[in-house]
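A.B. asks: Below, each chain spelled out in residue letters.
There are 4 protein chains.
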Amino acid sequence: MTTRIILAGPRGRMGSEAIKMIQATKEFSLIACLDREATAANESKINEIAGENIPLYEQTDVCFQETEADVFIDLTVPDAGYIHTKEALSHGIAAVVGTSGFSDKQLEELSQLATKQQTGCIIAPNFALGAVLMMHFSKMAAKYFPDVEIIEKHHDQKLDAPSGTAKKTVEVIKENRAKKMQGHPHEYESEKGARGANMDGIHLHSMRLPGLVAHQEVVFGSNAELLTIKHDSFHRESFMQGLKLAVEKVLDTDGLVYGLEHVMEL
Amino acid sequence: MTTRIILAGPRGRMGSEAIKMIQATKEFSLIACLDREATAANESKINEIAGENIPLYEQTDVCFQETEADVFIDLTVPDAGYIHTKEALSHGIAAVVGTSGFSDKQLEELSQLATKQQTGCIIAPNFALGAVLMMHFSKMAAKYFPDVEIIEKHHDQKLDAPSGTAKKTVEVIKENRAKKMQGHPHEYESEKGARGANMDGIHLHSMRLPGLVAHQEVVFGSNAELLTIKHDSFHRESFMQGLKLAVEKVLDTDGLVYGLEHVMEL
Amino acid sequence: MTTRIILAGPRGRMGSEAIKMIQATKEFSLIACLDREATAANESKINEIAGENIPLYEQTDVCFQETEADVFIDLTVPDAGYIHTKEALSHGIAAVVGTSGFSDKQLEELSQLATKQQTGCIIAPNFALGAVLMMHFSKMAAKYFPDVEIIEKHHDQKLDAPSGTAKKTVEVIKENRAKKMQGHPHEYESEKGARGANMDGIHLHSMRLPGLVAHQEVVFGSNAELLTIKHDSFHRESFMQGLKLAVEKVLDTDGLVYGLEHVMEL
Amino acid sequence: MTTRIILAGPRGRMGSEAIKMIQATKEFSLIACLDREATAANESKINEIAGENIPLYEQTDVCFQETEADVFIDLTVPDAGYIHTKEALSHGIAAVVGTSGFSDKQLEELSQLATKQQTGCIIAPNFALGAVLMMHFSKMAAKYFPDVEIIEKHHDQKLDAPSGTAKKTVEVIKENRAKKMQGHPHEYESEKGARGANMDGIHLHSMRLPGLVAHQEVVFGSNAELLTIKHDSFHRESFMQGLKLAVEKVLDTDGLVYGLEHVMEL
Chain A
17 MTTRIILAGP RGRMGSEAIK MIQATKEFSL IACLDREATA ANESKINEIA GENIPLYEQT
77 DVCFQETEAD VFIDLTVPDA GYIHTKEALS HGIAAVVGTS GFSDKQLEEL SQLATKQQTG
137 CIIAPNFALG AVLMMHFSKM AAKYFPDVEI IEKHHDQKLD APSGTAKKTV EVIKENRAKK
197 MQGHPHEYES EKGARGANMD GIHLHSMRLP GLVAHQEVVF GSNAELLTIK HDSFHRESFM
257 QGLKLAVEKV LDTDGLVYGL EHVMEL
Chain B
17 MTTRIILAGP RGRMGSEAIK MIQATKEFSL IACLDREATA ANESKINEIA GENIPLYEQT
77 DVCFQETEAD VFIDLTVPDA GYIHTKEALS HGIAAVVGTS GFSDKQLEEL SQLATKQQTG
137 CIIAPNFALG AVLMMHFSKM AAKYFPDVEI IEKHHDQKLD APSGTAKKTV EVIKENRAKK
197 MQGHPHEYES EKGARGANMD GIHLHSMRLP GLVAHQEVVF GSNAELLTIK HDSFHRESFM
257 QGLKLAVEKV LDTDGLVYGL EHVMEL
Chain C
17 MTTRIILAGP RGRMGSEAIK MIQATKEFSL IACLDREATA ANESKINEIA GENIPLYEQT
77 DVCFQETEAD VFIDLTVPDA GYIHTKEALS HGIAAVVGTS GFSDKQLEEL SQLATKQQTG
137 CIIAPNFALG AVLMMHFSKM AAKYFPDVEI IEKHHDQKLD APSGTAKKTV EVIKENRAKK
197 MQGHPHEYES EKGARGANMD GIHLHSMRLP GLVAHQEVVF GSNAELLTIK HDSFHRESFM
257 QGLKLAVEKV LDTDGLVYGL EHVMEL
Chain D
17 MTTRIILAGP RGRMGSEAIK MIQATKEFSL IACLDREATA ANESKINEIA GENIPLYEQT
77 DVCFQETEAD VFIDLTVPDA GYIHTKEALS HGIAAVVGTS GFSDKQLEEL SQLATKQQTG
137 CIIAPNFALG AVLMMHFSKM AAKYFPDVEI IEKHHDQKLD APSGTAKKTV EVIKENRAKK
197 MQGHPHEYES EKGARGANMD GIHLHSMRLP GLVAHQEVVF GSNAELLTIK HDSFHRESFM
257 QGLKLAVEKV LDTDGLVYGL EHVMEL
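Chains as they are written, first to last, in our numbering: chain A, 17 to 282; chain B, 17 to 282; chain C, 17 to 282; chain D, 17 to 282.
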């Protein structure tokens, strides 16, 4: 059985990787794209990546009416993605959305809609399976290793520090970690900032250098032993395994699932 | 409530660490030791480590009759450990045993005895929580990352390669890993051995250098991403957190449990 | 003063990076390319990369006669490269050649020619400055740390193991390392190959996984300490800093220099 | 020829390692120790470590008059070390001193004295050969890789951050590094401290966890490549190779040398 897919955001950096992934997967078929500018030029760009002609729509409702899709993938921005996803679920089409930008209220609304429609909806802030596992393992380890620090390393064109993934990792670790005062109670910095950022007692360090891509190490320390969980991502191509998994799983999902880890067998 | 403990093998390297751990734990009390040579000299050695006088026994049955223990810890060798553990379970004393050396037949026998006696028995090949988690996470990751290699690094006084932990890691990974031909089908070694050992398609590499202690990295590779799980052990002190956990859990355990991961909340 | 450059091999993977580097360097000017197939199609390819029209030659002697160059860069294959380089030196043009494939006899001949012509010639097996430094530092460290192992990691499309860089690193380490029996004299492999390849007592390990690019670690061990020198290369773009340096240095060089380390200030 | 050695500070953690090293070295002979409390109890402690009776002195001048030494080793504190070293040089005895605590004025005075006496004097802030090489290589690399960050990792009982070695590494890197604005000009911290300490544009990060001992990584980044120089020290035993080297070299040294790197063949 072929899974018929509509993709929103086909010209973005993630979108064009998604087209390649769909076309390379025998069980998947790309039946339409949703684009905010359905010009001939854009259509030809998309067709070139896809290697075949893909109908391009500008209007969400028309797209969902005129086509018969199993799964809708949204790789646009939160505002548009929210509207697209609501429309897809209303048409009974399962949705896979790559964003961490929805508000709690939006998530609640989509959850109710998905449940009512008995349709699956997977929203994932991160599709890199390695990053998802790194965070999940870190959460698990925190129960037995309350002493933990994080170092994330990115190219020097990145503006913000620490990275979103590092902050998210702290969030999940906190769910399992016994509150504790970490480091020596009298420790001091002879150079300000040396001990990094301190989020709920967990120290984070952000390295920025040319040559780096996107890397994170979560280091747990205990009596005479260390446990390190490390993820290296070299290209956004790394997201495609997870996106593929989400498309496969969303058809067996009922209601909204937030985070890829909840459809993985862990 | 205090947990009353009998320890077998108190003069070994693990045993003396265990004495220190028990004495440092408020809820634990060391009430006797089992030693194959209960000489005055050995008694004085043990008392020095313990910081108090601990009755020393040579005969297993006498020891278990004359004392009233909750938990028996065995850190001796497989042959003696098997006899000790049987005796402990027969007396209704929960047992924690550090060994990977029992035969399947011995394990089966101890399992039946523990069940019949409604007594807990935890047998663990490795008490380092970090190593146990490394193996458990590796097993979990293998479902999504079938491409994996292991490098383990030890001091140059180690005789065998690869390490027992590395081989055990391959065993657990295999339970979850889709069989696959790894590496390029036409790859070749211009220097024999460069690609390491090959166990069921998983390559293992053993580094031996002075300065190293005991380290292992399990590296998973996929499209444009890597996931690495790494454990460093600097001293056998690292086993004590896990031994403590086993003593705490064995009283709530019914029957035999093999491997610390099964009493951890994972 | 502008350095006028002729490039041989402009359509190769290295060659196209070289064009970009030359065009991005204010002091460099690409005045011609040497190509074994000077077709209109190839010319247009090259012009597109260069962003301007670059004369394309098929015949070496014609190229050197009709143009007035300061430096000739060869990024072709050893056989062609040897002929090109001889011709360049004969015309008094300094040459920078990226190859490890010349025979000792060819090197000797080019060396005599360069000296006779009072022209510089830099032949480098590796233009990545980080890799050159890794090897140089490894050679220096070997004097004080005779215990050393190498692990190199590459993508799983690489056919040969160990890598050329790893073997070259062994060569330079040997120049400074006291001969010694490494590892335990009675060490044994329970799984064949675990201890890696053994080149003159130095063990080499080759990891191959998807997601990896090109990485090498040289690990030196001694009493209670480790020194590790590591290089990660993510793209052949990393060669361009070194190629640029070679072009700058070759004009001040008299005769043949083999290896970038000899024109660096180390 | 045997080198006759006087050791000051024999009961300190470094001192007792030094006694073991001297006794294990065939060419070295420990002829006396200098101790600020030459009690019978201390003498017996030292004799136990040495495995033979070593004369113990409290008064510096008496010690140097009554014995005939080739080399004096000082492993005490700066104040005492300065007085001892002056006395040793005055008696024409070569001195090896492990400290970073002498003032510029003290160094100048000792330098003049050593030159006048035609005696060698090696003062080293760090005797771990791996650490010395890490700093030296970092200095060399900085010429070609101006983008660099440092992460140092220590046990959580360490009070100060960053470590002295990290700060010293910044010092030596600065000697060779072109001044540059590192990182993105508009980078910002959403959590204060994430980007670490900033010493002259070089970012430093200090990790503190139980299980860690003493580790430092110097990471250089450039176009698509990284060069990392890493040192791990697991025990102060690691200083002994360097101390031994200093004792061997000081007899061929004339005047004062500051830093082990200047007597190494680099």
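Since the hints were derived computationally from the structure, they do not count as laboratory data. It should be emphasised that the depicted structure is a prediction, and the values quoted were computed from it without experimental measurement. One should not assume that every hint holds.
Repeated chains share a single entry, so a pair holds when one copy, or any two copies, can fit it.
What the hints assert, rightly or not - Taking lysine-lysine and the DSS-like style, the derived pairs with C-alpha atoms no more than 25 Å apart in a straight line are:
| no. | residue 1 | residue 2 |
| --- | --- | --- |
| 1 | Lys-61 | Lys-196 |
| 2 | Lys-190 | Lys-260 |
| 3 | Lys-155 | Lys-184 |
| 4 | Lys-184 | Lys-196 |
| 5 | Lys-132 | Lys-174 |
| 6 | Lys-196 | Lys-36 |
| 7 | Lys-159 | Lys-61 |
A.B. asks: Are the hints correct? Go through all of them and say.
C.D. replies: Evaluation of the provided hints:
1. Neither within a single protomer nor between protomers do Lys-61 and Lys-196 lie at most 25 Å apart by alpha-carbon distance, with minima of 54 Å and 37 Å respectively.
2. Taking the shortest alpha-carbon separations for Lys-190 and Lys-260, only the inter-copy value of 24 Å comes in at or below 25 Å, while the best intra-copy value is 30 Å.
3. Taking the shortest alpha-carbon separations for Lys-155 and Lys-184, both the intra-copy value of 11 Å and the inter-copy value of 24 Å come in at or below 25 Å.
4. With identical chains, the CA atoms of Lys-184 and Lys-196 are at most 25 Å apart within one copy only, with a shortest distance of 19 Å there and 32 Å across copies.
5. In the homo-oligomer, the alpha carbons of Lys-132 and Lys-174 never lie at most 25 Å apart, since the shortest distance is 41 Å inside one protomer and 52 Å across protomers.
6. Taking the closest pair of Cα atoms, Lys-196 and Lys-36 come within 25 Å of each other only across two copies (24 Å); inside a single copy the shortest separation is 47 Å, beyond that limit.
7. Taking the shortest Cα distances, Lys-159 and Lys-61 never come within 25 Å of each other, neither inside one copy (49 Å) nor across copies (36 Å).
The structure fails hints 1, 5, 7 (numbered hints given earlier, in ascending order).
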